[in-house]
Amino acid sequence: MADSPLFQALHMEMAHALCAEQEKGLGALEGVGFRVGQGLSERLTKETPSFKDELDVLKFLCKDLWMTVFKKQVDNLRTNHQGTYMLQDNQFLLLSQLSNGKQYLEEAPKFLAFTCGLVKGALSNLGFDSTVTAEVPVMPSSKFQVVIQKS
Amino acid sequence: ESKKMSSELFTLTYGALVTQLCKDYENDEDVNKQLDKMGYNIGVRLIEDFLARSNVGRCHDFRETADVIAKVAFKMYLGITPSITNWSPAGDEFSLILENNPLVDFVELPDNHSSLIYSNLLCGVLRGALEMVRLHFSPR
Chain A
1 MADSPLFQAL HMEMAHALCA EQEKGLGALE GVGFRVGQGL SERLTKETPS
51 FKDELDVLKF LCKDLWMTVF KKQVDNLRTN HQGTYMLQDN QFLLLSQLSN
101 GKQYLEEAPK FLAFTCGLVK GALSNLGFDS TVTAEVPVMP SSKFQVVIQK
151 S
Chain B
1001 ESKKMSSELF TLTYGALVTQ LCKDYENDED VNKQLDKMGY NIGVRLIEDF
1051 LARSNVGRCH DFRETADVIA KVAFKMYLGI TPSITNWSPA GDEFSLILEN
1101 NPLVDFVELP DNHSSLIYSN LLCGVLRGAL EMVRLHFSPR
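Chains A and B, in that order, are what the protein sequence lines are.
One point on numbering: in my numbering, the residue at position 71 of the first sequence is 71, and numbering is uninterrupted.
Convert by adding 1000 to the 1-based position in the second sequence; the result is the number in my numbering.
Possibly wrong hints are sitting among the right ones.
[Stated by the list, open to error] Under the rule of at most 25 Å between Cα atoms (straight-line distance), these lysine-lysine pairs were calculated in the DSS-like manner:
1) Lys63(A) / Lys1037(B)
2) Lys1023(B) / Lys110(A)
3) Lys72(A) / Lys150(A)
4) Lys1033(B) / Lys52(A)
5) Lys102(A) / Lys143(A)
6) Lys72(A) / Lys1033(B)
7) Lys143(A) / Lys63(A)
8) Lys24(A) / Lys71(A)
9) Lys1037(B) / Lys1075(B)
10) Lys1037(B) / Lys24(A)
11) Lys72(A) / Lys1003(B)
12) Lys1003(B) / Lys46(A)
13) Lys1004(B) / Lys59(A)
14) Lys59(A) / Lys1003(B)
15) Lys1075(B) / Lys63(A)
16) Lys110(A) / Lys1075(B)
Please keep in mind that the hints were generated in silico from the structure rather than gathered at the bench.
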């Protein structure tokens, strides 16, 4: 079993190593997440019936994908029904090793870039182009904003 | 099933990381070095997790260390038990044989990466973890 300490440790190290050369680092992290998102969505949807609509796909992300990667479901999913979604996780696993105070708030983007890519990659494999941004209102919660690109 | 997915998550993430490093660095040697360095940092942290969960005590000799690595640590984190062979006469060198390395699932290395040591992260992890229990050695 490669359980989550190994993944968490790898993610932590990846965030440090790839961001050592700033700027490009966040993009690289997102790219890694994107590829993982593609792979995971393929594996997870192998035996599920096809999705009804966009919302159905987002629900899959919040339940199955989140469960697999972060060992819990997204706490809150909101939408304006026009292609914008807000995923909120009140106890985000990848921030759990940081202090809950404010001193590391600036570092937070490093620990969210992978997940932005992950969501984007999963959506892309299920047929949706999207932009994903993230913010940390208070440690260790995080909000991901997903905007589906209409072509 | 969920254990299998966890392991696939790690394998996929690792694969994507190696792909990224191959893009970032010109030659495989540098990728190997970077993987080793990252592994080292992970090992330094992972040993605490390991000692806390496994309840193994201090090892009295290198053979015992080898046993713990193969039968407890590898089992715990990667779900495999490598075999221990090739002991040197002095008992200060041995080989771990991984018959089913989970890191290489779904991997096919292109020909132009012949000197890439794909699982080099593991060497770094071992080095870092053992250094924390005051054992200096050089895996390769």
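- Item | Hinted pair Lys1004(B) and Lys59(A), Cα distance within 25 Å | Distance of about 22 Å is within 25 Å: holds.
- Query: Does the structure keep Lys1037(B) and Lys1075(B) at a Cα separation of 25 Å or less?
  - Reply: holds (23 Å)
- When you check the alpha-carbon spacing of Lys63(A) and Lys1037(B), does it fall within 25 Å? It is violated: about 35 Å lies between the C-alpha atoms, which goes past 25 Å.
- Query: Are the Cα positions of Lys143(A) and Lys63(A) separated by 25 Å at most?
  - Reply: holds (16 Å)
- Message: Hint check: Lys102(A) vs Lys143(A), CA-CA at most 25 Å. Holds or violated?
- Response: holds (17 Å)
- Query: Do the alpha carbons of Lys72(A) and Lys1003(B) lie within 25 Å of each other, as the hint requires?
  - Reply: holds (14 Å)
- Query: Taking only the CA atoms, is the gap from Lys110(A) to Lys1075(B) under or equal to 25 Å?
  - Reply: violated (31 Å)
- Message: Given the hinted pair Lys1037(B) and Lys24(A), is their Cα-Cα distance within 25 Å?
- Response: holds (20 Å)
- Message: What's the verdict on Lys1003(B) and Lys46(A), does the C-alpha distance respect the 25 Å limit or exceed it?
- Response: Holds: Lys1003(B) and Lys46(A) sit about 17 Å apart, inside 25 Å.
- Are the Cα positions of Lys59(A) and Lys1003(B) separated by 25 Å at most? holds (22 Å)
- For the pair we were handed, Lys1033(B) and Lys52(A), check the Cα-Cα distance against 25 Å. This hinted pair is violated, its Cα atoms lying about 47 Å apart.
- Taken at face value, is the distance from the CA of Lys110(A) to the CA of Lys1023(B) at most 25 Å? holds (20 Å)
The structure fails hints 1, 3, 4, 6, 8, 15, 16 (numbered hints given earlier, in ascending order).
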